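*Asks:* Sequence:
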Amino acid sequence: MSTYAPTHGIATGTRHPLDPLAPAEIDAAVAAARADGRLGERTRFWGATLDEHHARTVVAGDAPADERRVGLVAMDHSGGTAWEVDVAVPVAGEGAGRCLEWRSLDPRRPGITSEEARAAAQACRESPEFQAALAKRGITDMSLVVIDAESMGGFEPERYADRRVTWGTVWHKVDVEDNGYARPVQGVVPIIDMHTMEVLEVEDHGVVPMSQEAGPIEPGAWDEHPDVTVREAPKPLEVVQAEGPSFDVDGWKVSWQGWELRVGFTHREGLVLYDLTFLGRSVLKRAACNEMYVPYLDPNSTQYRKNFFDWGEYGAGPLTNSLALGCDCLGVIHYFDGAVLGGDGEARTIEHAICMHEEDDSILWKHTDMRRDVGQTRRSRRLVISNFQTVANYDYGFYWSLYQDGRVELEVKLTGMLSASGIEDGEGAPYGRVVSQHVQTPTHQHYFGIRLDAAVDGARNRLVEEHAEGETDPEKDPWGNAVRTVRVPLLRESQAAQQVDPASGRHWRVESAERTNRYGEPTAYRLTLPNTTRSYCRPDSVMARRAPFIHNHLWATRADPREQFVGGQYPNHAEPGEDGVHVWQRQDRSLDGEELVLWPVLGTHHFPRPEQWPVMPVDTIGLVLEPDGFFDRNPTMDVPAPERAGGHGDACCGSDGPSAGHACH
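Taking UniProt numbering, the leading residue of the sequence shown gets 1, the next gets one more, and so forth.
The hints are simulated quantities; they were obtained by calculation from the structure and are not laboratory data. Values in this document were obtained by computation on a predicted structure and should not be read as measured data. Note that CB positions come from ideal geometry on N, CA and C, so glycine has one too. Keep in mind that the hints are not guaranteed to be accurate.
[To be verified] The list that follows gives simulated cross-link-like pairs (lysine-lysine, DSS-like), each with its CA atoms no further than 27 Å apart:
| # | residue 1 | residue 2 |
| --- | --- | --- |
| 1 | Lys285 | Lys253 |
| 2 | Lys136 | Lys253 |
| 3 | Lys476 | Lys235 |
| 4 | Lys285 | Lys413 |
| 5 | Lys136 | Lys173 |
[Claimed, not checked] Label pairs and their calculated CB-CB ranges:
| # | residue 1 | residue 2 | range |
| --- | --- | --- | --- |
| 6 | His551 | Trp365 | 38 to 46 Å |
| 7 | Asp560 | Asp369 | 48 to 56 Å |
| 8 | Arg492 | Ser78 | 42 to 50 Å |
| 9 | Arg538 | Asp175 | 39 to 47 Å |
| 10 | Asp560 | Arg609 | 40 to 48 Å |
| 11 | Met197 | Glu575 | 22 to 30 Å |
| 12 | Glu346 | His551 | 19 to 27 Å |
| 13 | Asp250 | Leu100 | 39 to 47 Å |
| 14 | Arg38 | Asp501 | 37 to 45 Å |
| 15 | Asp501 | Glu126 | 52 to 60 Å |
| 16 | Glu218 | Pro502 | 52 to 60 Å |
| 17 | Asp592 | Pro474 | 31 to 39 Å |
| 18 | Ser104 | Ser494 | 27 to 35 Å |
| 19 | Met197 | Ser143 | 43 to 51 Å |
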C-alpha cells in the first residue's frame, strides 16, 4: 500500500473558477464581513460557499477571472440577528475582499455548528435542573454524560417560537473509553436556546432502568467481552501498482480511461463532481448528495422528535472525516484536502477529506466460443472517488465510481452506531428492536436526496420514462409472450414526480435534444434506482409535511441557480414544506430540450438487528447512470486483454479456451 503523489487540493497555484474555496479565500471573505462593522463580538458563522453560478460565468469568459464570489451565513448571538453576506475575494485570497450584498435572515434558520453543539452540551452539564434529573437516575459525574444537540425538527414549542432552540438526546458512559451511544438515558430531554446557551427547561418523562452493559469498540476493550474470542487476522492483501495508477491529476481536474471531470468540496454537500465527460462527450454538469433526511418511526418520548436534515441543518463539509490509508482507502491513493469555515470564523483544513483510487472490478466482458474452444475476456477497472461524514452516532460514506464503459454509480455506505432509547424490563420494542439490556433501537429511514445536473451530449436534454408492458392484442401476439418497451416523454415539471416500479422495470432516459445515434434515436443515459423505500408516516404528520421530497423517488426541474437544495435552503426552524423541489415544480416549466436537474431520492427502511450493535456493519444503497444508445456499440471493445497472472507479459484468454486454466478471471 502506498500513496501516490498526494496533492492537497487546496494549493493556491493556478485556480479554476470551480475549484473549492481555499482557506485563504475563506479567511479573506470573513475578514471583509467583519470589517464592514455590522457583526458583533458573539458572531458565529455557518459555512462559506462558492458562488457556482458566478464561477460558471467566469468559465464562459463573461466575468473577470481575478476574483471569486463567496457566500457567508453569519449569526450575531448577542443581537439576535443573522445575514447572508456575498463577498468578492481575490483569487487565492491574496488581498482584501469586499462585501457586495447583505441580506437579512431569520436568526433561527441557520444550521447548527459543531461549536454550538459542544457549547449546548456543556450548558446542559452545568444546568442544576439537568443535573437533578440525572441524579434521580444515579448519575452524578457530568464528565461521563454525552449530549447531542438535535434540531427541533418541526416540534418547536409555541412558547419558544421566537427563539433558535435545540433539544438534547442524552447518554451515559461507563468510563471515558466507553462508546457514547451504548447507554441511553431515557426520559430526559433538555431544551436549549442556541443563542444564549440557556437551558430553558428539562423534560422528565420518568425513570427507566439504565443498561449495565457498556459498548466499547476500541481494540482491547470489546474483545475482553466473555462471549468474544478475537479471530485470527487474515493474511495481508496488498494492492500493488508498480507503474503507478492510470489516472492523471492536475489540481482538482482528473483524467482516467476516457473520463474527465473536476472534483469539488462544499460546506453543504461535501464531495461534488463537476463537468463529467466521457470520450470527449458531456454526461453530467454536476453530481452530489444534496440532502440527507432521517425520520425515526417511534412515538417514544425521546424518539418522536427525531427527524433530521443532516446536510441542511448541520452541513456535510464540517462533518467530513480525514481518511486513512489502509483503513478507509486501500491501494494507490490520491487525496484531496478540504477547507471549511468553523463557527468561530476561522478556516480549517480537513486533510485527506476525499480519497481517489482505482479498483479491479472483476469481469468487464467475456465470451467463449465453445465450437472452436477459444475465448476472450476483459477485466473491468473502476475509478472510485469517496468521502465519509460522521453525523453524531451515524457514519456515511459516499462512493462515486466511474467505469470504462461510461457507467456512473453512486454507492452510499451506512455504518456507525444505532440511535437507541431505554426500555423497562420485559417492555419489548413494537417500533424497533431490542439490542441490549434495557436498550431498544427504533425503526427509522434514511433518505438521500441526490442532485444530478444533466448534460447528456450537451446542455439541452429531455426526460423519458421507460417501462415494460405485455402485448394485449392476440392478433399481434398469438403466442402470448410479446412485451413492449413503452416510452413516456415527461415534457413538463408536473409530469416529472415519479415513483419506482420494479415489477415493470421502470427506469428513466435522459436524452439529448440535439444529437442522435446511428439508429435514429436520441443519444441518452439511463437512470436506474435499484433499491429504495417509501414514507409510512401519516400525511398530517410533521415528518410527511416537513420533507415532501421523500414522497417521490425522482423529481426533475428546469435548472435555476436559485433552486439549490431539494429539501429547501434553510430547513432549520422552517415552516413544514415551505421550500424545496415540490414547491419549484409548481411552476410547471417545460422540460423539453431544456437544462435539466434530476433529483433522485434513495430511501432505505432500517429494521435494526442485534448484529448491528454496538456498531453497525456497512449497509448500502445507490443508483446507476449508464449509456443507453449514447454509443452505437460496446465502447469497451478497445480495452486490451489482460496479462497472464505471474507476469509473463503476454495476453491471456485471447486464444486459449476455458480448459487452459489461465488466471484471467
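*Asks:* Does lysine 253 lie within 27 Å of lysine 285 when you go C-alpha to C-alpha?
*Replies:* Judged against 27 Å, a Cα distance of about 14 Å means the pair holds.
*Asks:* Just tell me: holds or violated, for the beta carbon distance of methionine 197 and serine 143 against 43 to 51 Å?
*Replies:* Because 19 Å falls outside the window, the suggested range is violated.
*Asks:* Taking the Cβ atom of aspartate 560 and the Cβ atom of aspartate 369, is their distance within the range 48 to 56 Å?
*Replies:* At 54 Å between Cβs, range holds.
*Asks:* Serine 104 and serine 494, beta-carbon distance inside 27 to 35 Å?
*Replies:* 34 Å, holds
*Asks:* Is 38 to 46 Å right for how far apart the beta carbons of histidine 551 and tryptophan 365 are?
*Replies:* 39 Å, holds
*Asks:* Just to be careful, I want the Cα atoms of lysine 285 and lysine 413 compared with a cutoff of 27 Å; is the pair within it?
*Replies:* 24 Å, holds
*Asks:* Holds or violated: lysine 136 with lysine 173, Cα cutoff 27 Å?
*Replies:* 16 Å, holds
*Asks:* Given the range 42 to 50 Å, decide if the beta-carbon distance of arginine 492 to serine 78 lies inside it.
*Replies:* 49 Å, holds
*Asks:* When you take the CB atoms of aspartate 560 and arginine 609, is the distance between them in 40 to 48 Å?
*Replies:* Given about 43 Å between the Cβ atoms, the range holds.
*Asks:* Indicate whether the distance between the beta carbons of arginine 538 and aspartate 175 respects the range 39 to 47 Å.
*Replies:* The hinted range 39 to 47 Å holds for arginine 538 and aspartate 175, with Cβ atoms some 43 Å apart.
*Asks:* Just tell me: holds or violated, for the beta carbon distance of methionine 197 and glutamate 575 against 22 to 30 Å?
*Replies:* 26 Å, holds
*Asks:* Given the hint that lysine 136 pairs with lysine 253, does the C-alpha gap stay at or below 27 Å?
*Replies:* With Cα atoms ~58 Å apart, lysine 136 and lysine 253 exceed 27 Å; violated.
In this structure, the hints that do not hold are numbers 2, 3, 12, 13, 14, 16, 19, in rising order.
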